[in-house]
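Fit chain Z to the supplied structure of chain Y, relying on the hints for placement.
From first to last, the protein sequence lines stand for chains Y and Z. Mapping the first sequence onto the numbering used here, position 135 (from 1) lands on 135, and the numbers just tick up by one. Mapping the second sequence onto the numbering used here, position 87 (from 1) lands on 87, and the numbers just tick up by one.
I should point out that these hints are in silico values taken from the structure, not numbers from a laboratory. Heads up, a few of these hints could be off.
As the list makes no split between identical chains, a pair holds if one copy fits it or if it spans any two.
What the hints assert, rightly or not - Once the Cα atoms are required to be at most 25 Å apart in a straight line, the calculated DMTMM-like pairs of lysine to aspartate or glutamate come out as:
1) Lys24 <-> Glu175
2) Lys24 <-> Asp170
3) Lys27 <-> Glu242
4) Lys102 <-> Asp241
5) Lys263 <-> Glu106
6) Lys44 <-> Glu285
7) Lys27 <-> Glu168
8) Lys8 <-> Glu285
9) Lys97 <-> Glu172
10) Lys4 <-> Glu264
Since the model is a prediction, treat every value here as computed from it, not as a measurement.
Number of protein chains: 2
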Amino acid sequence: MNLKEYIKDKREAVDSFFHSYFGKPGKPSVLQEAMLYSLFAGGKRIRPVLALASYEACGGNPADIVPYASTLELIHTYSLIHDDLPSMDNDDLRRGKPTSHKIYGEAIAILAGDALLTEAFRILSDPSLSGRVQEANLLRALREVAVASGLNGMVAGQAQDILSENAEPDHETLEFIHMRKTASLIRASVMMGPILFGSGMDVLDALSEYGRNIGLAFQVVDDILDIEGNTEEIGKPVGSDERANKMTYPSLYGIEKSKQIAKELIAAALSSVSSFSPGADPLREIANYLLSRRS
Amino acid sequence: MNLKEYIKDKREAVDSFFHSYFGKPGKPSVLQEAMLYSLFAGGKRIRPVLALASYEACGGNPADIVPYASTLELIHTYSLIHDDLPSMDNDDLRRGKPTSHKIYGEAIAILAGDALLTEAFRILSDPSLSGRVQEANLLRALREVAVASGLNGMVAGQAQDILSENAEPDHETLEFIHMRKTASLIRASVMMGPILFGSGMDVLDALSEYGRNIGLAFQVVDDILDIEGNTEEIGKPVGSDERANKMTYPSLYGIEKSKQIAKELIAAALSSVSSFSPGADPLREIANYLLSRRS
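The shape of chain Y in the complex, shown without the other chains (with noise of 0.2 Å):
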């Protein structure tokens, strides 16, 4: 398979289900301008391409979830718009772009972000988008999306990366912060396929396994990108978080030893599916592309 081709394919879906859902620009016109400069400020879709991906790896049609998938990079895209802010971790640029409140402000920033997450519950809550998925199975999913999120994921994960800005990394809170910030909505958006298709407790087991270290290989990768990449590919200054002394595997273990846990983490992915049939190659391919990405 072409993962390029692939990725593009799903990526063109999730857009066009944005430009239907989006179509009508409501009144004030400005928060949902807002809004949509984010979510089509070059965001890489990665979440719903995975919640798709890991459908069809379960035996269903990706077509049938896109709204669905679709709402992870709404709640991705909603947690860095407050992440940038200038009591956060007042960024100016994200992915070679303004960051949403130096273009719109700080209260309209603040309200698009809430805008997007409460839409994304909006469309997890309406079963008339796809007419394929029955109605406890939206309702599950929408759960392990809403406790990804909230206070025991990705809300405290950011929150200890703040608190623990210039303080002596230690293991533990690293992995606190990483599963939580990232590692949490990357699993979710992995078990919303077969959540959304009923599929049985081993493959939520095997999924949920390959949904935790991708995730924290994501995370892993970004410390790394942060140091190696440069600042055209990855969209932002190099070495912003060793300025912001972030807590980051390589500030605990160096890059050597944590390009190392990354392949390890990808390794255990890909054997936690590999009794998966075919329909789970754009899982594998999508697991070693995570670990060969430049931005």
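Same frame as chain Y, but now just chain Z:
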């Protein structure tokens, strides 16, 4: 019936759910502390009480839906924390106490709001918290709450409110703001009862009308109290709307006409539930209370 007792009883049920749900302090503890600080800063729990009373009006036992009704207070509290931020309304006091960002800083205040919103949807997606509600009805109630809170609801109202500061008031914009910023979540609170109970279309329509009318009346009375109330009772300095050049009913219609409008809205609300059994008495009493309240 004794409305004061009724509200006290329901408030205790809601608070008791919060204590059990947020019982074990997670990590980082300051995040949960900030959430609980705002949650227990003196809110009257009027939205949960409305949901419980409307469930009762439909023939249900309010005790069965306390967790779901409580989510309305989580969403209301998140909106207050974000609205009070320096980049929004920049309020130092709320209900006579320092606002979240004055105590925890802006970053934790924003994240506490994000977590409150997300946990609301997590609770609304968990049928095991009641065991008495059909999953399809829970999904539908969640959707109603999300629509009321998101891009075409509360967030739009707050965005338009901020964008309209210092603008010449006009009826269309004023109603847009009040309907979305306040009335939509109050209407959704009332709708939660019949939706979770599985009531028929006539009941849904009547309660939708009741909710819309008391919701708008609630905000008109708020506008009036900001002029005629006293600082101690309303918990923030009197006249803050006027100083911030907010678009309010009194600023457009004057205080007497605004009182007349509030009275008519409450009369319309009462009329829409006039055919309901005595089970709807709490809804009737609440409507009257909203008109006469001093805080």
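These are the hints, each one checked on the structure:
1. Lys24 <-> Glu175: Classified as between: cross-chain Cα gap 21 Å, same-chain 42 Å, threshold 25 Å.
2. Lys24 <-> Asp170: between (49 Å within a copy, 24 Å between copies)
3. Lys27 <-> Glu242: between (41 Å within a copy, 24 Å between copies)
4. Lys102 <-> Asp241: within (20 Å within a copy, 27 Å between copies)
5. Lys263 <-> Glu106: Neither. Shortest intra-copy (39 Å) and inter-copy (38 Å) distances fail the 25 Å Cα cut-off.
6. Lys44 <-> Glu285: For Lys44 and Glu285, the Cα distance is within 25 Å only inside one copy (15 Å; across copies 53 Å).
7. Lys27 <-> Glu168: between (47 Å within a copy, 18 Å between copies)
8. Lys8 <-> Glu285: The answer is within: 14 Å in one copy meets 25 Å, while 58 Å across copies does not.
9. Lys97 <-> Glu172: neither (34 Å within a copy, 36 Å between copies)
10. Lys4 <-> Glu264: Cα proximity of Lys4 and Glu264: one copy only (24 Å, versus 62 Å across).
When each numbered hint is compared with the structure, violations occur for hints 5 and 9.
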